[in-house]
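Please build the complex by placing chain B on the supplied structure of chain A, with the hints as guidance.
What follows is the residue order along each chain.
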Amino acid sequence: MLRKFIPLLIGFLTGMFMFVQFFVPHYVGEAGYTLVLDWVRVVGAFAMVLAVSSLFQVNWDKIRRKQRDWGYSVVTLISFIVMVYVGMLRPGEPVLPLGWGLDRQSESVQGFWDHRVGRTDSTSVRLTGSSLTASGAWSNRWSGWQRNWGNITAAPGQRYAVTAQARGGEGTAKAALALTFLNNKGEHLPRALTTSQPVTPSPQTWTPLRVEAVAPAGAAFAQISLQLEGNGKIWFDDVQAAAPGAASLVTNGSFTAGERSPGLRKLFDTGDGPGFQWLFDNVLVPLDSTMFALLAFFMASAAYRTFRARTPEATVLLIVAVIVMLGRVPVGEMIYHRMPQVSEWFMMWPTVAAKRGILFGVALGSIATSLRIILGIERSHLGGK
Amino acid sequence: MQTLARLLTIDRRWIFLFIGLAVLVPFLTGLKFLQGTPTPATLAVFNYIDQLPPGSVVAIGFDYGPAGMPEMHPMAMAIIRQCFQRHLRVVALTIHPQGPLMAEAAFNRVRGDYKAKYGQDYVNLGFKPGGQAVILGIGSGIRNVYPTDMRGTPLSALPVMRGVRTYDDIAILIDLATGNAPGAWIAFGHQRFKVKMAIGITAVMATDFYVYYQTGQLVGILNGMRGAAEYENLVKHPDVGVLGMSSQSVAHLVIIVFVLLGNIGYFASRAHRRKQGGMA
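As given, the protein sequences belong to chains A and B, one line each in that order.
Residues 52 to 436 (our numbering) are what the first sequence spells out, left to right.
Residues 548 to 827 (our numbering) are what the second sequence spells out, left to right.
For reference, chain A alone in the conformation it holds in the complex (with noise of 0.2 Å):
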């Protein structure tokens, strides 16, 4: 009984619930709504989790029991692990340095931690612009996984020094050194960017950068940036900041540490990485693309073989098919200059009638039968008969 009973005072009361907050304004019932969003998003989450199993499982058992067409079920696991693999490990994707990621503004930007150049030893980070607009820099707080941040606490009112070294490359991209502050929460704070004069660096020498700045009220962290803009490429080594009576702040200034568990902050970051892009645009989309294409050649085909004049309601069915056929193309309108008129005439007035009674007809049944279930009456969906 209390199989059936626990079930159906839920499905009550939440659907009780539900119908009283939408009309009673009541930070409560606001409270509750909240709530039971929040759950609905991660049932959505879980929903994929079992897709996905799902697919897994109908798949295997299929392959497992050597059932009709089981080699496509072969195709799928294997594009189905692949794609997995790929997005998920990022294989081929390059280690970072200590305490550095890469904060990119455009994709025409690319970061290297490189191990042939450098000011003092063989280390430095590069960016890449590709295009004139391309903007993006290295920084010690980026966008991914925070268990590579390179974190500088910074005091309310304390004045901090920023030194970095940049050599340019082909090209004529600017470097610059910028400076800002986050409270605690990690939020920016307003007004607090400080960047030093855009440059375009020696390919022979390395060029200093320079930023000062006074971390301001509720200031919690310091970032630092070093960035690229524009087409070229530009190297940036020696990074140090300091405050009055502290040596250099900077994790790993110098690039000559890699990251401690790049396996992991692959794992865990997010974005798509550029195995999977490469996937999505050349395997994908080609691929859907085509089967919603082949569309155009059934549609056409059921067209010849099923739009036939056979009585007065097809008769109309098929003129009107062709106004609205001729009146969504450019070569209607050659034909009869009022042809889109003509046509938007059908979709703004008979065809809206007629949807409009399905959707109230839907709607009202959609009621009836929520009713039914809030109340306890249609219990279909507990299972059973």
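These aren't lab readings, by the way, just hints derived from the structure by calculation.
Take the hints with a grain of salt, since some may be wrong.
Claimed, not checked - In the PhoX-like style, the derived pairs of lysine-lysine whose C-alpha atoms are separated by at most 20 Å in a straight line are:
1) Lys579/B <-> Lys822/B
2) Lys664/B <-> Lys225/A
3) Lys783/B <-> Lys225/A
As the list claims (entries may be wrong) - What the simulated footprint calls covered on chain A by chain B, stretch by stretch (three residues with Cβ under 8 Å from a Cβ of chain B suffice, anywhere in the stretch; the number is not a length):
4) 101–108
5) 249–255
What the hints assert, rightly or not - Anything over 12 Å on all C-beta distances counts as not near chain B; from chain A, calculated:
6) Glu221
7) Gln291
8) Arg407
Every residue, glycine too, gets a C-beta built ideally from N, C-alpha and C.
Quick look at chain B alone, frame taken from chain A:
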């Protein structure tokens, strides 16, 4: 009469061949038909965005995948183009799992022409599962649903999101969709939170949504590839939408010709049968 009746049995491979040629030839030859006056539904969306003051927020729902690209992508690019021309902030979000990459592709195609910067002029918030719950959640606070953007940057760190908290801060939400997402956005986003809305949909879906346009619940509708082509012309940047309309023009003509042939064959065959019946 018997010869005409044979029109009833054209091998469908001929139809496939003609449709294939109808689509391909205009693309390969660059054949263009002059686009006439835009439909009022398209013009309404353009005019609404055009009168927004600079800095206003235009949210675009990228609720489509690669299958919908031919129709939806030209619309997306034309709308983004207009927003960048008018210095409006663009916020992309989606309840379709493939939507975030569609948004990335659209921004990548357009942003270079206007030197638009990620985080300052536009942002991609990405996908959240939950459909209606996501739409309703934005009404309570966009940061509750999207604490970070697609790349993991907190929204508070993005200048483009400054002052954007709920639907009240969004000037217009344009949902570009191939499924039933616009229905949910209209029912829960517009009706409950009164956000101004427009939609861009595939031509086959249009009949479902003119109802909402006629009642004023939607500012306007971009209807299929025609809507995309009209919008491209309105932003004075004819692109793949305009080119696609030539293919669609010829393809529609081919389908109409085959439908006519089928009907000629049908009437000829009926007349032939009657004649034979009369003789018997």
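Item to check | Structure-inconsistent hints, enumerated in ascending order | outcome: Hints 1, 3, 4, 5, 8 contradicted; others consistent.
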